[in-house]
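Q: Here is what each chain is made of, one letter per residue.
2 protein chains.
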Amino acid sequence: MLMKIAVVGVGAIGGIYGGLLANVGHDVHFLLHSDFDHVQRNGLRIDSVLGDFQLPQVNAYQSAADMPQCDVVIVALKTTANMQLAPILDVLLKPETTLLLLQNGLGAEEFLAQHYPNNSLLSGLCFICCSKIGPGHILHLDQGAIRLGEYNPQQEAGITPKMRDIAELFANTGISIHFTPNLLQARWEKLVWNIPFNGLSVVLQQSTQGLLTDRHCRDLLVELMEEVIAAANHCGFTIQPSYAQVLLHATDKMADYQPSMLLDYQNKRPLELESIYWEPIRTAAERGFDMAKTRVIAQQLAFLDQKNSP
Amino acid sequence: MLMKIAVVGVGAIGGIYGGLLANVGHDVHFLLHSDFDHVQRNGLRIDSVLGDFQLPQVNAYQSAADMPQCDVVIVALKTTANMQLAPILDVLLKPETTLLLLQNGLGAEEFLAQHYPNNSLLSGLCFICCSKIGPGHILHLDQGAIRLGEYNPQQEAGITPKMRDIAELFANTGISIHFTPNLLQARWEKLVWNIPFNGLSVVLQQSTQGLLTDRHCRDLLVELMEEVIAAANHCGFTIQPSYAQVLLHATDKMADYQPSMLLDYQNKRPLELESIYWEPIRTAAERGFDMAKTRVIAQQLAFLDQKNSP
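Residue numbers (the UniProt record's numbering), protein chains in the order written: chain A, 1 to 310; chain B, 1 to 310.
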């Protein structure tokens, strides 16, 4: 089955996953912003642990109005750009289109489900070390798996046919797809890493190993992870307290890594504070749980983000 | 009455107060470290809002062993150097010597009272904007008052004769001395300012106005102040919750100012984390109060201090 796929946002995430899908023969249509001219002329270049490749000619668009309607629309914008989504999706979606959201944090699904209630909405949590190092040029350093779930605000979605369709789409790309029956729980589990590591990497201007090898900073990482776990459990999810140590030791073993928020900061891009900090903080507060330490980090990041905006 | 006065540590605080005392005719003996050669040759230079002056010849010493025993010993070292105090004070103290400690934070009095139980121990909390801008060269920008109390671990010391003696010492210097009957309460009150402003100035690399004028950072300042007030009240002191807003508005009106910890950091001096952060955190924890947000800041500072040490 040749699926028509739209990739909205061609940064690191849209570039690597869209590029891999195009490389195995899918009909992929890329909606670009700043890199449009370069990619239309030169295509995409992917330097990947899965094997380097180039796509000299890709279907590149500057406006959603020029794009065909697609079977799958992959949303790979930063969450900070989500206010731009509605006019794009209004054009790209057919009633039977599946939306695949590749974003971190909380809140985006609620917005999409409200606006496009008839479309299937799936989300992939990306466990990947990659960055865009030039126009149309993606560097994929490590990992790559996607935790995939279908959004269902009422109950656990379970493993659905649409999830199997998306997994099939990624066949032969080298990307592992892991199903999660409870997407929101998986999102909170990812926040257990994102909240401490992304935030402290920006505030203290350090990559992962720099944070992990200092005694006080390591304590702080653990305390923040424990707070996120406690918040998640307070919100009705189930994350074991020992998960903090699991993530800590896994990160010890990873290559030294600059979290995506540190890269955003260094490149003077807005930080994803709303989805990774404020929405979880609000969600927990509504259940009566104060994420006090997380709020300290969020307030510091808000200050730095404000000073950093070009 | 001509008193013999020793000043141990001639940074900003020892320099300005010792200089002012010498300038009104007291017999002041300065124990110096890095600036000894310069000060022995050139004396002290004080640029002060109270009037600029020079002291071309001062009694400068490199070793306590060369100094006379004194009626008053002013300890104006950074608390990070307090481990060097015992051998110095062993030499300088007579049984009737009054110790005057000009330091921030908690913990130093306990140590001194234990080692020198027979000497009167007074502490001055300095509300002053000043810094050492060169060898033997002090710049005093604003304020200058000292809140003075006598140390008494059992009960409120009240207003004591020794406190009046010290106030008399500062007569004609231009420095206001305000008596506090409860020194430890005054120390906690000063921590309400020091903990948020010193810490965030280092973590976020900002002077006071930069911190105050950002909405998120201002919220964080207030939350930290409220936490310190809650901790103090938990430890048996009485600080009104409204004190946070009082300090905030007072700082709004002050000239833009680099807190001393930021100056220490910029000059690669060790930060006073033990007295300003860890000792208060421990003291509150012993009473069952977790200074959670303060600990986040302390852990970040410990990380930065470690990376900053030369």
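Possibly wrong hints are sitting among the right ones.
Only pairs whose alpha carbons sit at most 25 Å apart, straight line, appear in this in silico DSS-like list of lysine-lysine [said to hold, decoys possible]:
hint : chain 1 : residue 1 : chain 2 : residue 2
1    : B       : K78       : B       : K94
2    : B       : K78       : B       : K4
3    : A       : K307      : B       : K307
4    : B       : K253      : B       : K307
5    : A       : K162      : A       : K190
6    : A       : K253      : B       : K307
7    : A       : K190      : A       : K4
8    : A       : K4        : A       : K94
9    : A       : K307      : B       : K94
Just so you know, these hints were derived from the structure itself, not from any lab. In this text the structure is predicted, and so the values were computed from the model without any measurement.
Q: It remains to establish, for every hint, whether it holds in the given structure.
A: Here is how each hint holds up against the structure:
1. For the hint linking B/K78 to B/K94, the alpha-carbon distance of about 23 Å falls within 25 Å, and the restraint holds.
2. The straight-line distance between the Cα atoms of B/K78 and B/K4 is roughly 23 Å, inside the 25 Å bound, and the hint therefore holds.
3. A hinted pair counts as satisfied when its Cα atoms are at most 25 Å apart, and A/K307 with B/K307 qualifies at roughly 23 Å.
4. A distance of roughly 34 Å separates the Cα atoms of B/K253 and B/K307; the hinted pair therefore is violated under the 25 Å criterion.
5. The hinted pair formed by A/K162 and A/K190 meets the criterion: a straight-line CA distance of about 22 Å does not exceed 25 Å.
6. This hinted pair checks out: A/K253 and B/K307 have alpha carbons roughly 22 Å apart, not beyond 25 Å.
7. About 30 Å separates the Cα atoms of A/K190 and A/K4, which puts this hinted pair outside 25 Å; it is violated.
8. In summary, the hint linking A/K4 to A/K94 is supported, as the alpha carbons are separated by about 12 Å, within the 25 Å threshold.
9. For the suggested pair A/K307 and B/K94, the alpha carbons sit about 55 Å apart, so the restraint of at most 25 Å is broken.
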